[in-house]
Amino acid sequence: MKAIRVERTGGPEVMHLAELPTPQPKPGEALIRVSIAGVNSIDGNFRDGSFRTLLPFIPGQEGVGVVEVVGSRAKLVKTGDRVAWSGTLGSYSEYVAVPEDRLVPVPNAINDEQATAAMVHGLTAHYLANDAHKLKAGETALVHAAAGGVGLLLVQLAHAIGARVIGTVSSDEKARLAREAGADELIVYTRQDFEPEVQRLTGGKGVDVVYDGVGKATFEKNLNVMRLRGLLVLYGMSSGAVPPVDPAKLSEKGSLYMARTTLAHFTATREELLARTSDLFGMIADGKLKLRIAKKYPLAEAAQAHRDMEAHRLAGKLLLVV
Amino acid sequence: MALTVSLALRFATRKLHRILKARRRIQTSMRAIQVKQPGGPESMELVELPVPEPKASEAVVKLAASGVNFIDVYNREGRYKVALPFVLGQEGAGTVTAVGADVKSVKKGDRVAWASVLGSYAEYAAVPAGRLVPVPAGVTDQQAAAAMLQGMTAHYLSHDTFPLKRGQTALVHAAAGGVGLLLTQMAHNIGARVIATVSTEEKAKLAQEAGADEIILYTQQDFEAETRRLTGGKGVDVVYDSVGKTTFEKGLNVLRPRGMMVLYGGSSGAVPPFDLIALSQKGSLFVTRPTLGHYTLTREELVARSGAVFGMMAAGKLKLRIEHTYPLAEAQRAHGELEGRKTTGKLLLIP
Chain V
46 MKAIRVERTG
56 GPEVMHLAEL
66 PTPQPKPGEA
76 LIRVSIAGVN
86 SIDGNFRDGS
96 FRTLLPFIPG
106 QEGVGVVEVV
116 GSRAKLVKTG
126 DRVAWSGTLG
136 SYSEYVAVPE
146 DRLVPVPNAI
156 NDEQATAAMV
166 HGLTAHYLAN
176 DAHKLKAGET
186 ALVHAAAGGV
196 GLLLVQLAHA
206 IGARVIGTVS
216 SDEKARLARE
226 AGADELIVYT
236 RQDFEPEVQR
246 LTGGKGVDVV
256 YDGVGKATFE
266 KNLNVMRLRG
276 LLVLYGMSSG
286 AVPPVDPAKL
296 SEKGSLYMAR
306 TTLAHFTATR
316 EELLARTSDL
326 FGMIADGKLK
336 LRIAKKYPLA
346 EAAQAHRDME
356 AHRLAGKLLL
366 VV
Chain W
1027 MALTVSLALR
1037 FATRKLHRIL
1047 KARRRIQTSM
1057 RAIQVKQPGG
1067 PESMELVELP
1077 VPEPKASEAV
1087 VKLAASGVNF
1097 IDVYNREGRY
1107 KVALPFVLGQ
1117 EGAGTVTAVG
1127 ADVKSVKKGD
1137 RVAWASVLGS
1147 YAEYAAVPAG
1157 RLVPVPAGVT
1167 DQQAAAAMLQ
1177 GMTAHYLSHD
1187 TFPLKRGQTA
1197 LVHAAAGGVG
1207 LLLTQMAHNI
1217 GARVIATVST
1227 EEKAKLAQEA
1237 GADEIILYTQ
1247 QDFEAETRRL
1257 TGGKGVDVVY
1267 DSVGKTTFEK
1277 GLNVLRPRGM
1287 MVLYGGSSGA
1297 VPPFDLIALS
1307 QKGSLFVTRP
1317 TLGHYTLTRE
1327 ELVARSGAVF
1337 GMMAAGKLKL
1347 RIEHTYPLAE
1357 AQRAHGELEG
1367 RKTTGKLLLI
1377 P
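Chains as they are written, first to last, in my numbering: chain V, 46 to 367; chain W, 1027 to 1377.
For the record, the hints were derived by calculation from the structure and aren't laboratory data.
To spell it out: a stretch of chain V is covered by chain W in this simulated footprint if at least three of its residues, at any positions, have a beta carbon under 8 Å from a beta carbon of chain W; those stretches are:
1. 282–289
2. 301–307
Computed list of lysine to aspartate or glutamate pairs in EDC-like fashion (alpha-carbon distance at most 16 Å, straight line):
3. K298(V) / E240(V)
4. K1271(W) / D291(V)
5. K261(V) / D1301(W)
6. K123(V) / D146(V)
7. K335(V) / E158(V)
8. K294(V) / D1301(W)
Virtual Cβ for every residue (Gly too), placed ideally from N, Cα, C.
Only chain W is shown next, with the shape it has when bound in the complex:
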């Protein structure tokens, strides 16, 4: 009797495995988060879509994790125009399941990550193979997905836009934010002095742990006066500013002569047009407004940059705070929490 049950169970299990395997092999539909009309979080719908087929130069990746970013909110709201309907998400990591005819840089089974290609809020995504970077063994899929946009941004800011040197001083605004925490760690590792602005004691603690030398709670202290004091009136070599409207002018006042303002975002609103004469009056200042796309334009640069970031992570020199993972179906909740600014670390969707 026991034997019969056991055999029957084994038979049933095998059958189930066969069915599952077959389903895996021939899975033709997938779940994805689609936007049909731009709007609030409710405009994101969980839908069934066909698994994409790779075009000649594309690879299809089965996603293990998809990053949640502010740019997704802007796409969802229609602030950045995208042809409707579309699958959200610009960042992910996973395993290659199929490649197009012309693809040579990756093959089935490779662990890869990417950024800046729409469609990562899904079980599968078709991505131009040239945008896929290899993920080394020391980095998990979730870490890889979390590092692409913010890690590469922190990297180009500290290594290329203004290549920080040991002994220089950097002012990092929103130092406990996604890019801020990574930028602070990289600047600290280079040997630069980091003055960080944050909004709360809790964020101050995070920035301190990341290696910030000085913390300014901008809700209690004027960062201009405080930065002047902390640099003995000399000013900082570089300001990294993703806040924009509310910080730009004062940022120019805390730069040393010939210092550089790196404006890389506008979380408080866009900086209005400014008079260039201010740059000369305040000390022959330099201003740049960089975007990641221009710092990962060639495949060499993309692979080198992601490789450098992954290398830091694998060596334990760059810690990513994955604050929360959500099932794909809970994308609305993830956006709600991101927009509510309740979060300090990275949010991921797990398909």
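The shape of chain V in the complex, shown without the other chains:
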């Protein structure tokens, strides 16, 4: 089979197309013929070595495809099922073996592109708005990178709940997209300092929750734009890791809460994974959640997809068509 292989960690150029043996499903796994693989910032973290895995490896955490064959003891899926997954390395490939309890059925109303985009980004936006902090109507949320992959979905979910959304974006074009998604206020952070601007927009009160996938660049100021007892949810670090935090800061800035979350802990049981995906697929089918596909690339152009992702040029989901 054809797959993208990383033999040593580094920049996008370390990814190249290789001819590899098709994996065999282990007991409890299913072998999937991949139709689309999603591109996520975590793929860049594995590729450049900031997240560790054994070398060589095939990148890619999510995708959609059809079950080719199931391993022994697999009971949840069968050959021919259309399924999606996330959280399994090896998706930048024609075939991938996935533990069957990580596979979710994809309803007919959802196409392959939507299903892929709903996985890491959709599931992340879903747990952020519903579980990391249970957003309520009338609350105010600050969403950083509001036109990013997670951002655009999170803004829609927060807006649908009835929360007021303040989004930060890097350009006017992204501001337009975030506004279409339902953001009430936009801050173009390349022109405006988000700290005084959020203070102004909330009448000095601060926001109930900050959703931050940016990390290092925004951390300190986040602590100054939250209301008393507000929550900072850090779910990524696209600008780099936040340096160690003195807990005394949390009390000084108003008995604040902080969480550092990852998707795996919000889809740990099969029940939770299925409940979350079916909720998302339902919203997509009803037209309540719009997934923006920024660009599709052939599998062989994975390196270019990573370059575009890391330049933050494109708004929405990047996909590899296998």
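For chain V, the structure is supplied; the task is to place chain W on it using the hints.
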């Protein structure tokens, strides 16, 4: 003869009463514990000061009891900066004797309590009226003074910072400490399972009486391994930690995924800066570092919270251990015993 003596006695008694009454009426000086230079217990001096006059928004309270707290030690030592000289103490209860021109929420004769306003180690204190809460009939002055800081702290921890629910499991460090014993009772009353850490058998008994389901003697057992065992490897929903430096890291290891670390003190020292990646690796954990001030900021919240605590006490659902009362003049001894960690219950100064 007997009649003459009797009359003379009665006359003398009346005269004495008149003098005392007059003194009460016009008492202009009072005894107070003042710090002129920060330092050890000896830096606390018993002095005569003028009875404070209320400013427009203040009330003057004649103290019946003043609570002794670690924050008083920190103020005395100069760890927290206060303009010198100052009268120590941040917690008290008593009766309103005078109110300022703008005060409407309390009146002369009201029984009140307060916390987080300096100056309670004294016979009288002037307190912003907005910080005074009414004390109901079922609660004594001493109980009220004892409940303000620790009772309201236990209340916000269990009801707001992490609103405990029946069936959840909480790990309470220093469960026989001042806040610990109250927090354990509140958690138990909610129907949560309480795993308590204590240092001695005697403290274990106190925590057990307060309603702890499981006790870990951390001087003999590793609380991390023991908590894992007691929760079948699942971990606890919340850790309430006032110990800090020596317990924080292990506390993160005993939380269930998406569990919450509530760090509300640092009796073993301050927790050093920690790497946030630990929170995600250990299960998308939540951390907060709350302080009472942010949970009693508005008058509504202050009155509601103190009222809830007093209500529990009046109903017999929350027992306060007043371990020792000292005359005001013995504040040095009270601090010595508090710092020596010989005490488990509340210490009060009686002016």
